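When you get a sec, could you build the whole thing from the sequences and use the hints?
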Amino acid sequence: MRMRRIVGMAALAACMGFAPAWAARGITIKGSDTMVILGQRWAETYMNGHPGSVIQVTGGGSGTGIAALINGTTDICQASRPMKEDEKRKLRDRYQTMGTEIPVAKDGLSIYVHESNPVKDLSIAQLKQIYTGQVASWKVLGGADAPIILYGRENNSGTYVYFKDNVLQGEDYSARVQTLPGTAAVVNAVGRDPNGIGYGGAAYGKGVRELAVKKDAGSPAIKPTAATVQDGSYPITRYLYFYTRTKPGGPVKQFVDWVLSAEGQKLASQVGYFPVR
Amino acid sequence: MADRPRSRGRSWWRAALLTAPLLVTRLAVAAEGDSTAAGASPESTPDRIQALEELTQTHQSDLDKLKRFKFSGYIQVRWETAEFADDSVKVSGSPAVVTPANDERFYIRRGRFKLTYDASPLSQAVLYFDGNTAGSNRNLTLLEAYLTLMDPWTTDHRHQLTAGQFNIPFGWEIERSSSLRELPERSRAENVLFSGERDRGIKLVNPWTPKIETVVSILNGYGINDATFPTLDPTSAKDWTARARFIGGTLDASASYYDGITTIPLTGADVEVKKTRIGGDAQFYYELPSAGGGSLRGELYVGGNLNPDSSRVLIIPPTAGNPVALLRPGADPSHLDTEFNGGYVMWVQNLGEKFQFASRYDWFDPNTDLDHDQFERVSLGVNWFYDGYTRLTVAYDMPKTDALVGAGFEDPNDNLWTVQLQHKW
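The listed protein sequences derive, respectively, from chains A and B. Under my numbering, think of the first position of the first sequence as 15, with each following residue one higher. Under my numbering, think of the first position of the second sequence as 13, with each following residue one higher.
Hints are not guaranteed to be accurate.
With a cut-off of at most 25 Å between alpha-carbon atoms, the simulated BS3-like pairs for lysine-lysine come out as follows [said to hold, decoys possible]:
no.: 1; chain 1: A; residue 1: K104; chain 2: B; residue 2: K412
no.: 2; chain 1: A; residue 1: K98; chain 2: B; residue 2: K79
no.: 3; chain 1: B; residue 1: K126; chain 2: A; residue 2: K102
no.: 4; chain 1: A; residue 1: K104; chain 2: B; residue 2: K286
no.: 5; chain 1: A; residue 1: K102; chain 2: B; residue 2: K436
no.: 6; chain 1: B; residue 1: K223; chain 2: A; residue 2: K98
no.: 7; chain 1: A; residue 1: K102; chain 2: B; residue 2: K287
no.: 8; chain 1: A; residue 1: K98; chain 2: B; residue 2: K436
no.: 9; chain 1: A; residue 1: K104; chain 2: B; residue 2: K436
no.: 10; chain 1: B; residue 1: K126; chain 2: A; residue 2: K98
no.: 11; chain 1: A; residue 1: K102; chain 2: B; residue 2: K250
Derived by calculation from the structure, the hints in this document are not laboratory data. As the structure is a computational prediction, the values presented were derived from the model and not from experiment.
Next up, the structure:
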């Protein structure tokens with residue numbers, strides 16, 4: 015009798031949830047705000063060419079997307095930074111996998127200033143000094159005698175983490191950084207502020223000037239262009255990723271394969287990023 | 013008929029009176045719009061935007077402070093039933109034995125919440141409480157309370173010094189949260205050797221590379237489930253542990269060592285028993301294309317220990333007349349120290365996104381010199397993940413022990429079904 019009761023409960027549970035998530039609601043993509051426009055363009059073009067397919071794309075930040083991947087509320091996570099070790103551990107605790115990392119585009123992390131700003135280039139060390147608060151005036155950098163107004167991203171942003179890890183070398187941002195909810199907001203703020211400086215994806219740099227960046231004081235200043243990002247000479251070059259819980263299968267695999275195809279990669283270039291293939 | 017023109021006239025005036033204020037208002041709004049457009053109050057809109065920006069910055073600053081607090085926790089509601097209604101079954105909750113009179117029960121196995129405060133990248137404080145129901149006792153228990161200092165000299169502040177009450181850094185399953193476990197309880201060897209899993213002391217965690225980590229700790233040595241905890245630590249000497257872990261991703265492995273002394277206060281000279289534990293563990297992860305991820309795990313515990321069964325036989329417990337325990341006449345205190353071994357092997361396989369199968373064989377031999385004291389158990393379980401936070405576990409435990417029946421030994425009918433619903437946030 016007890017055995018029957020328990021088996022009955024297990025059977026009920028089985029009936030309620032064996033189908034994969036994408037079978038019920040299409041493919042969901044969540045994560046990086048840097049990649050949200052790119053993801054939407056991929057999804058729209060793919061759906062146009064594949065009638066019946068449904069793909070929903072939302073932002074929220076790379077951290078939010080990775081949390082959704084771990085919680086099972088998204089099929090694909092878009093991330094502008096690699097997953098952290100503790101995030102991989104959480105994924106492994108639940109799914110017994112380390113996740114599948116798929117680089118889908120390259121990006122030159124651009125440094126934006128107002129178009130009237132006379133400063134043309136900065137080194138990585140100078141950027142670190144600026145964003146950690148050690149340098150607070152444009153005059154020190156050859157610009158106007160005016161304070162540097164710092165704009166940045168919120169801490170759930172992959173761009174925030176990537177910039178912190180690779181430019182600030184793990185040090186903390188200055189408390190004077192005004193955090194904004196997306197790269198578009200950073201560009202908008204810098205575009206209105208003659209003393210402002212911000213960072214974000216190459217695809218967003220409209221209405222502002224992108225600075226050339228030097229790897230160190232003695233290196234040449236490199237602007238983020240298709241050629242310099244592709245060959246890696248631009249010092250703040252990064253990959254943009256798709257993450258899935260397991261190796262992609264079914265409609266998710268078909269979509270990922272299409273993103274990595276010549277058509278998908280061409281679309282990445284049109285949006286302002288750079289192909290991985 | 014004579015009233016009609018009068019009536020029409022009253023209606024016109026009434027309509028005019030009603031519409032006049034609306035017209036005036038409309039004209040005033042239009043005039044304001046024109047004056048704004050003409051620059052009559054040019055500073056008002058930018059001023060308002062600036063005020064809003066300042067307000068947003070203030071709110072952002074407040075929000076950043078609040079984000080330093082993190083609340084997390086989980087609740088496990090459990091239903092347990094003995095497969096055979098005519099026997100007594102040892103279980104993990106309270107009361108610790110399911111008897112024929114009490115062979116089906118609901119209870120709260122764990123109701124825990126954790127508060128973490130990330131004051132800065134260099135320090136962190138944690139308070140962790142358990143609100144389980146131990147019999148009629150429904151008090152809140154402090155499980156963990158510790159502070160951690162991170163090093164200022166590495167960019168990711170990875171070297172950490174922790175002080176307070178925390179999980180004993182030994183092996184793998186001790187530090188793994190109960191909310192993540194695929195089967196309801198840890199192995200029997202761990203339950204006996206590290207009862208409560210926590211102690212007070214300090215520990216130093218050093219991830220030397222992304223793949224190599226060492227942990228050393230100094231502990232009181234009696235754990236939070238010991239009767240003397242926390243008011244009494246009978247030994248001034250402390251226990252210590254060391255663990256080295258290799259983190260390969262697909263294959264993780266570690267070796268652990270624990271060294272300490274258990275002191276038994278007796279009438280006359282106290283007896284000291286060496287407490288040595290050597291552990292090894294490994295976890296291998298793989299992925300099956302059609303099913304999903306899976307893992308094979310194993311852990312081994314060997315060493316010397318005060319055997320509770322031996323101490324029950326060899327020591328006369330305290331009484332009102334003699335408040336300090338006595339060694340039985342003729343008993344050899346060296347027999348209190350026994351060698352043990354235990355461990356488990358486990359297989360976990362995800363079945364799609366919603367289901368997970370888990371199986372484990374675990375054993376514990378508290379005294380390798382004796383027969384009929386060994387414990388063995390096969391456990392099977394299925395997890396169904398309702399959403400990202402909630403799961404249902406159905407588990408079946410088949411313990412094998414030797415109980416003296418007449419002139420021989422028999423394995424009691426003590427198989428156990430457990431159904432557990434967990435929500436984690």
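Comparing the hints with the structure gives:
The hinted pair formed by K104(A) and K412(B) fails the criterion: a straight-line CA distance of about 34 Å is larger than 25 Å. A C-alpha spacing of about 19 Å is found between K98(A) and K79(B), which places the hinted pair at or below 25 Å, so the restraint holds. The straight-line distance between the Cα atoms of K126(B) and K102(A) is roughly 22 Å, inside the 25 Å bound, and the hint therefore holds. For a cut-off of 25 Å, the pair hint linking K104(A) to K286(B) is broken: about 37 Å separates their Cα positions.
Our distance criterion of 25 Å between C-alpha atoms is met by K102(A) and K436(B), whose separation comes to about 18 Å. Pair hint K223(B) plus K98(A) holds up; C-alpha atoms about 14 Å apart against a cutoff of 25 Å. Using a Cα cut-off of 25 Å, the hinted pair K102(A) and K287(B) is violated, with the two alpha carbons roughly 36 Å apart. At roughly 22 Å between alpha-carbon atoms, K98(A) and K436(B) fall within 25 Å of each other, so this suggested pair holds.
The hinted pair formed by K104(A) and K436(B) meets the criterion: a straight-line CA distance of about 13 Å does not exceed 25 Å. Pair hint K126(B) plus K98(A) holds up; C-alpha atoms about 22 Å apart against a cutoff of 25 Å. As the CA atoms of K102(A) and K250(B) are separated by approximately 36 Å, the hinted pair breaks the 25 Å bound.
In the structure shown, a violation is registered for the earlier hints numbered 1, 4, 7, 11, in ascending order.
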